[in-house]
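Note that full-length UniProt numbering gives residue 11 to position 11 of the sequence shown, counting from 1, and the numbers run on in steps of one.
Just so you know, not all the hints are guaranteed correct.
[As the list claims (entries may be wrong)] Each pair of labels, with its calculated beta carbon distance range:
{"#": "1", "residue 1": "E140", "residue 2": "A185", "range": "31 to 41 Å"}
{"#": "2", "residue 1": "R177", "residue 2": "Q139", "range": "35 to 45 Å"}
{"#": "3", "residue 1": "H175", "residue 2": "G134", "range": "31 to 41 Å"}
{"#": "4", "residue 1": "D85", "residue 2": "P47", "range": "20 to 30 Å"}
{"#": "5", "residue 1": "E146", "residue 2": "G116", "range": "15 to 25 Å"}
{"#": "6", "residue 1": "P47", "residue 2": "G20", "range": "23 to 33 Å"}
{"#": "7", "residue 1": "E114", "residue 2": "E165", "range": "18 to 28 Å"}
{"#": "8", "residue 1": "R143", "residue 2": "A16", "range": "34 to 44 Å"}
It is worth saying that the hints were derived from the structure and are not from the lab. Note that CB positions come from ideal geometry on N, CA and C, so glycine has one too.
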Amino acid sequence: MNQALPAVDVLAQMFAEQGGNEYLGEPVTQAEHMLQAAACARAAGAPDALIAAALLHDVGHFTGPISGAELMAGTDNRHSHAGADWLAGLGFPEAVTEPVRLHVAAKRYLCAVEPGYFDRLSEASVYTLSVQGGPMSPQEAARFAEGRYAEDAVTLRRWDEAAKEPDALVPDFAHYRPLLEALAAGG
1 MNQALPAVDV
11 LAQMFAEQGG
21 NEYLGEPVTQ
31 AEHMLQAAAC
41 ARAAGAPDAL
51 IAAALLHDVG
61 HFTGPISGAE
71 LMAGTDNRHS
81 HAGADWLAGL
91 GFPEAVTEPV
101 RLHVAAKRYL
111 CAVEPGYFDR
121 LSEASVYTLS
131 VQGGPMSPQE
141 AARFAEGRYA
151 EDAVTLRRWD
161 EAAKEPDALV
171 PDFAHYRPLL
181 EALAAGG
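Sequences and hints are given; from them, build the entire structure.
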């Protein structure tokens with residue numbers, strides 16, 4: 001991956017090259033999953049930064065030091081943090097990076113505070129939850145809920161869980177290019 005390319009070109013390259021990879025035991029590719037999450041955000045009328053966060057929430061599987069395959073083998077790859085840090089380095093604002101950083105914590109939070117949420121998780125998501133620390137304790141959940149980006153992260157998490165439909169018809173990466181370019185340029 002060429003870091004000398006503009007930020008959105010780097011992302012487009014990742015979606016084209018690594019996006020076709022299997023998505024952690026789900027019936028979609030990694031790119032299909034992220035594009036579906038972004039389509040959910042757009043359909044909900046989310047602000048541009050949250051649409052971008054939905055689109056980019058799993059880039060840490062591409063950029064982190066530990067792969068998604070290793071996550072499925074039992075090692076937490078902290079893809080949420082790796083992705084958020086990497087996106088910040090590309091110039092994306094906190095309104096994009098922090099929901100990305102918190103989307104795994106949001107799953108742990110929802111499993112702790114929302115009756116029935118755990119039962120709606122896919123088999124793969126239940127497994128990764130166990131690797132990522134399991135449901136939060138009451139104290140962890142209270143701290144999480146007080147965070148500045150907690151609500152956005154929870155909203156993103158719901159789109160994340162919904163974005164696993166085989167053969168869903170959603171806009172491609174190019175559709176989001178102007179939005180991403182504006183955000184990466186500080187717009």
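Outcome of the hint check:
1. E140 - A185: 31 to 41 Å: Given range 31 to 41 Å: holds, Cβ gap about 36 Å.
2. R177 - Q139: 35 to 45 Å: Holds: the Cβ-Cβ distance is about 42 Å, inside 35 to 45 Å.
3. H175 - G134: 31 to 41 Å: For H175 and G134 the Cβ distance comes to about 36 Å; the hint holds.
4. D85 - P47: 20 to 30 Å: At 22 Å between Cβs, range holds.
5. E146 - G116: 15 to 25 Å: With Cβ atoms ~24 Å apart, the hint holds.
6. P47 - G20: 23 to 33 Å: 29 Å Cβ-Cβ, so the 23 to 33 Å window holds.
7. E114 - E165: 18 to 28 Å: At roughly 22 Å between Cβ atoms, E165 and E114 fall inside 18 to 28 Å, so the hint holds.
8. R143 - A16: 34 to 44 Å: With Cβ atoms ~39 Å apart, the hint holds.
Hint violations for this structure: none, all hints satisfied.
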